[in-house]
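Enquirer: Listed below, chain by chain, are the residues.
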Amino acid sequence: MSTETTETTESTSGPPAKSGAPGPRALARRRRRASVARFWKEYRKHRAGVVGLATLVLFVLVALTAPLTVGSDVDSVTDAPGQPLESPSGRFPLGTDQFGRSLLGLLIWGSRVSLLVGLLAAVLSVLIGALIGITAGHFRGWYATVMMRITDWFLVMPTLVLAIVLATVLSRSLGTIVLAIGVTTWPTTARLVRAQTLAVESRPYIERAKALGGGHWHIMSRHVLPNVMPLILAQTTLIISSAILAEATLAFLGLGDPAVVSWGGLLQDAREAGSVSSGDWWYLVPPGIGIAVVALAFTLCGRAVEAVLNPRLGVSR
Amino acid sequence: MSSTVPDGAPGVAPDSAPPLLSVRGLHVTFPGRRGAAAARAVDGVDLDIRRGEIVALVGESGCGKTTLARSLLGLVRPTGGRVTFDGAPLGYSARALKAYRRRAQLVLQDPSGSLNPRHTVYDIVAEGLRIHGHAGDERTAVAEALSRAGLRPPERFFLRYPHELSGGQRQRVVIAGALVLQPELLVADEPVASLDASVRGEILALLLRLRTELGLSALVVTHDLGLAWNIADRVAVMYLGRIVETGAVEQVLTAPRHPYTQALLSVLPEAPGAPVVLTGEPPDPAYIPGGCRFHVRCPVLASGEAGRAGVADACRNGELEILRGGDESQVACHWARAERPAAERAG
Amino acid sequence: MRDLKVTYPGGAAAVRGVDLTLAAGEKLGIAGESGCGKSTLALALLRLLPPGARVGGEILLDGEDVLTMKWGRVRAVRWAGASIVFQGAMHSLNAVHRVGDQIAEPILLHRRATPAGARRRAGELLEQVGLPAARASAYPHELSGGQRQRVMIAMALACDPRLIVADEPTTALDVMIQAQILRLIEGLVGEQDVGLIMISHDLAVLADTCDRLAVMYAGRVVEEGPARQVYDDARHPYGRALSEAFPTIGDPASRFAPRGLPGDPPDPAAVPSGCAFHPRCPVALDLCATRDQPLRDAGTRRRAACVHVGPDATVPPDGAGATAGSGTPEGDTAPVANGAAEGGKRAEGGKPKPAGGAADGDDEVADGRSGGGGRGAGGVASAEDDGVRSSAP
Chain A
107 MSTETTETTE STSGPPAKSG APGPRALARR RRRASVARFW KEYRKHRAGV VGLATLVLFV
167 LVALTAPLTV GSDVDSVTDA PGQPLESPSG RFPLGTDQFG RSLLGLLIWG SRVSLLVGLL
227 AAVLSVLIGA LIGITAGHFR GWYATVMMRI TDWFLVMPTL VLAIVLATVL SRSLGTIVLA
287 IGVTTWPTTA RLVRAQTLAV ESRPYIERAK ALGGGHWHIM SRHVLPNVMP LILAQTTLII
347 SSAILAEATL AFLGLGDPAV VSWGGLLQDA REAGSVSSGD WWYLVPPGIG IAVVALAFTL
407 CGRAVEAVLN PRLGVSR
Chain B
31 MSSTVPDGAP GVAPDSAPPL LSVRGLHVTF PGRRGAAAAR AVDGVDLDIR RGEIVALVGE
91 SGCGKTTLAR SLLGLVRPTG GRVTFDGAPL GYSARALKAY RRRAQLVLQD PSGSLNPRHT
151 VYDIVAEGLR IHGHAGDERT AVAEALSRAG LRPPERFFLR YPHELSGGQR QRVVIAGALV
211 LQPELLVADE PVASLDASVR GEILALLLRL RTELGLSALV VTHDLGLAWN IADRVAVMYL
271 GRIVETGAVE QVLTAPRHPY TQALLSVLPE APGAPVVLTG EPPDPAYIPG GCRFHVRCPV
331 LASGEAGRAG VADACRNGEL EILRGGDESQ VACHWARAER PAAERAG
Chain C
41 MRDLKVTYPG GAAAVRGVDL TLAAGEKLGI AGESGCGKST LALALLRLLP PGARVGGEIL
101 LDGEDVLTMK WGRVRAVRWA GASIVFQGAM HSLNAVHRVG DQIAEPILLH RRATPAGARR
161 RAGELLEQVG LPAARASAYP HELSGGQRQR VMIAMALACD PRLIVADEPT TALDVMIQAQ
221 ILRLIEGLVG EQDVGLIMIS HDLAVLADTC DRLAVMYAGR VVEEGPARQV YDDARHPYGR
281 ALSEAFPTIG DPASRFAPRG LPGDPPDPAA VPSGCAFHPR CPVALDLCAT RDQPLRDAGT
341 RRRAACVHVG PDATVPPDGA GATAGSGTPE GDTAPVANGA AEGGKRAEGG KPKPAGGAAD
401 GDDEVADGRS GGGGRGAGGV ASAEDDGVRS SAP
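Those protein sequences? They're chains A, B and C, same order as listed. Residue numbering for the first sequence follows this note's numbering, starting at 107 and increasing by one per position. Residue numbering for the second sequence follows this note's numbering, starting at 31 and increasing by one per position. Residue numbering for the third sequence follows this note's numbering, starting at 41 and increasing by one per position.
Rather than coming from a laboratory, the hints here were simulated on the basis of the structure. Do not rely on the hints blindly, as some may be mistaken.
Footprint (simulated), chain B over chain C, 3 or more residues, beta carbon under 8 Å [said to hold, decoys possible]: (1) 142–153; (2) 182–190; (3) 210–220; (4) 277–287; (5) 292–301.
Which residues of chain B face chain C? A few of them, derived with a C-beta cut under 7 Å, are [said to hold, decoys possible]: (6) E90; (7) S196; (8) A227; (9) R230; (10) G231; (11) E232; (12) T284; (13) L294; (14) P299; (15) V307; (16) E311.
Idealized CB from N, CA, C, for every residue including glycine.
Chain A with its partners taken away, still in its complex shape (with noise of 0.2 Å):
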């Protein structure tokens, strides 16, 4: 691309204004604010998705402040401060655990991780699904039957001794788990986003972009990936909800980071502990209930990003 030196730069962005006009940088900004501030309006109507993004941001605002909150030495062993399994009392509203140390505070801290981990694990499986399904939807041929049999047979293994071969073959840590869950959930999406790339590569427009000049590159990211893309936000959400799940099914079964604190592992300390047999109610409940809100409030909010964004994919309104 030659740019001219005097009053013009490379065609993607435009001078500031000959007449006092925006150049094309600024009306993109433009144009996406006013979509933005179009879909939060229709988003707003949907009141399951209001109440789960109210949700999520409790739970994202709480588990940023928890450093500020309950700090870090919350989990520390040796200087818990209350007896092993109080039950809850006002010193400590969520009772204690096995180790004396505050639930509540365990609660609020283990749920960075639970978050951390369902967000990251998401990404990479949406990434990795997104990624296969645009490819074979549109190149087709033979790399599309070699991709799609891939996809296949992921898709029928059972994701969590996938999952749970992964996490043992490999250290324990967070990172592991985000690969295990991320290899072994990208399927679904794959599908999802290699059907939707079949349909929009059959519009017409897609055609007018190969007879302006397109190539392979431009009609994926110019074309495709933009109707793609509601399609891809509301599978992240239902994953990131299925994620968190996961991220529990393994550190409750005791392949988790022994080292952190998320609330699977906690499930797997209270069992250990015997607080099922004993009645110790309060180190069961709350984790799980966490874990049950968490994930139902990113499902709402997947659901209602669906449906916000999927009518704009039609011609009238």
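Model the placement of chains B and C on the given structure of chain A, informed by the hints.
Expert: Below, chains B and C alone, put in the same frame as chain A:
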């Protein structure tokens, strides 16, 4: 209006200039599925388009006109024959095709489908510039293309989405997107078929204006003969992959010689005389009859007139050659030639 | 239909007061473009509008008001009293059922025959529409577009209705198939003395096939009369524009002079004030923006809703049909105000001024539009020039 060029077609280059686009012996064959016969969508076509000329390509569905149009743009690879643009044969490497795309552009039928619903008008028109790397102010080029296409003031349309525009405005955006690259040839596939009747005239007038202002040549693919009458200089009638009649619009549409063209014209609501309604469906390009490919449905053959003219046998068995691409009137029909051999020799 | 009004949920007034009558065996054509309400009219006839649509007025079918019928009676009337050939036969046929079964479906629903009898009748109907009875066992995707449309017509005839409504029956079809289908419809309707309402945007097709013609714009009938007359000599400017939109081949006046109207058909949710056509009208007066025009007498059995029509009207100027390209280029940005403010068409005191029509293109001609106005005037000359030029070897 400008001076020396006659009123009818001010943009058309003199006969001596070489044609802008020249097609020789084009064949496009699609393989059949699972052992079915191959479909010969385009079965031997010669066509010339001169600078500043508007050529209408008419025919029914399945006759191959859409395939022919797309192969002229390099979107479909021909299985035989040659396409020459501005004297140079068309290369099919990615780079050659991309360079070609700056000079020949496409306007599709359905403006709603041709526009990505998630892009703004500005992005849609600027797309071509971005693909080819435009050296110069993108915004000015987009504004100019939009106003040439009749959307004024262009700034008001920059941030609109396609679903906020009417059908006619969308088609103008498509045309602006094609114009922004300053092409020399426009291939329009049913440009007004999906538009309302009252809007049709404006879009057609726009195409004519572009020819006058920019010297743009156009190949308009359509099944609507009225459209050809409205804006085309020449018309080529296609049937089953071959051009069966071609010539100046005034001649072909007022005095058609091929029985197929005659039938097509006779069924139009305003046509004089009795309508000749051909029976049956448009045929399948996988099973092309021998001899004259139209003879199976030909009313002239069926009524015995061909027999009386002594060409019935030729109709059934005699192959017809590919018509030349130039602008003289030609017809691929045994009977028409037998009826008027003098005219045929002169044309 | 008496003063039919239909408003969709959301406020779009699709039909704003339509009066039409149809005698038995008569053929009525309704012409109009997108958003004019013609398809809504067809659906309203059989109460097929979506729930939430408000319907006012009366639709009398054989004397009974369809809009106030009890539900059971509506179902009996549907198909047996009046049937519809829907637009887009591609999607109106269920892809997983054989066409014979689909034709037999209404027969069985109205309990007119046993299953065997229904199958036999389906075969007869297929023969009537020009398909072999053996095709009853085909699936829709095995048939071509023209054949599917024939199946739709056979379905419409299945219960011997008194009225058939054909909504754009030939729009997606080739010219030749269109001719076949129209011929078929005409023949069947003539044989069985069935009333026909044909809806289309192609005025020429309707003029050929129907006895009477009504032109709709923005939910109202703006012109009505004998089909041939309305087509050849429309009194309403919109009717004139529609009939000019599809040129007559061989007419030198339309050579290189495509005719259309600036702007777009109005959105039913935002109908312009006064006469709904005034923003696009080449002969609009000042009062057209404020006063809506009722239908007035325009000859024997003819009516048109235009201020220029009727015993006390001013004579419309010549060449009042807008030549495309002499309309303003701003026409496409047309919010109503813009089009209405467009200078050249208005004058004081109700005197009309031609919008740079065919005769003298001077004032309206600006850069790049020399094609439109000039060609219209020089039409004949240019055609001859062309003829001379191109036949020279």
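Enquirer: Hint by hint, note whether the structure agrees.
Expert: Tested hints:
For the region 142–153 of chain C, the stated coverage by chain B is not satisfied: 0 residues place a CB nearer than 8 Å to a CB of that chain, which falls below the threshold of 3. Requiring three or more residues with a Cβ within less than 8 Å of a Cβ of chain B, the coverage given for the region 182–190 of chain C holds, as 4 such residues are present. Counting residues of the region 210–220 of chain C whose beta-carbon sits less than 8 Å from any beta-carbon of chain B gives 7, enough to reach three: the coverage restraint holds. Here's how the region 277–287 of chain C fares: 7 of its residues keep a CB closer than 8 Å to some CB of chain B, so the rule of at least three is met and the hint holds.
Closer than 8 Å: that is the beta-carbon criterion, and the region 292–301 of chain C has 8 residues meeting it against chain B, so the requirement of 3 holds. The criterion of a C-beta within 7 Å of any C-beta in chain C is met by E90 of chain B, whose closest approach is roughly 4 Å, and the hint holds. Because the smallest distance between the Cβ of S196 of chain B and any Cβ of chain C comes to about 4 Å, under 7 Å, the interface hint for this residue holds. Evaluation of the A227 of chain B hint against chain C yields a held restraint, the C-beta minimum of about 4 Å falling below 7 Å.
The beta carbon of R230 of chain B comes within 6 Å of a beta carbon in chain C, closer than 7 Å, and the hint placing it at the interface holds. Satisfaction of the interface hint for G231 of chain B is found here, the shortest Cβ-Cβ separation to chain C being roughly 2 Å, below the 7 Å cut-off. The restraint placing E232 of chain B at the interface with chain C holds, with a minimum CB-CB distance near 5 Å, inside the 7 Å limit. A distance limit of 7 Å between C-beta atoms decides the matter here; for T284 of chain B the minimum to chain C is near 5 Å, and the interface restraint holds.
The beta carbon of L294 of chain B comes within 6 Å of a beta carbon in chain C, closer than 7 Å, and the hint placing it at the interface holds. The interface hint given for P299 of chain B holds, since its Cβ lies 4 Å from the closest Cβ of chain C, which is under the 7 Å cut-off. At its closest, the beta carbon of V307 of chain B sits 5 Å from a beta carbon of chain C; the interface hint therefore holds under the 7 Å criterion. Interface restraint check: E311 of chain B against chain C, minimum CB-CB distance 5 Å, threshold 7 Å, status holds.
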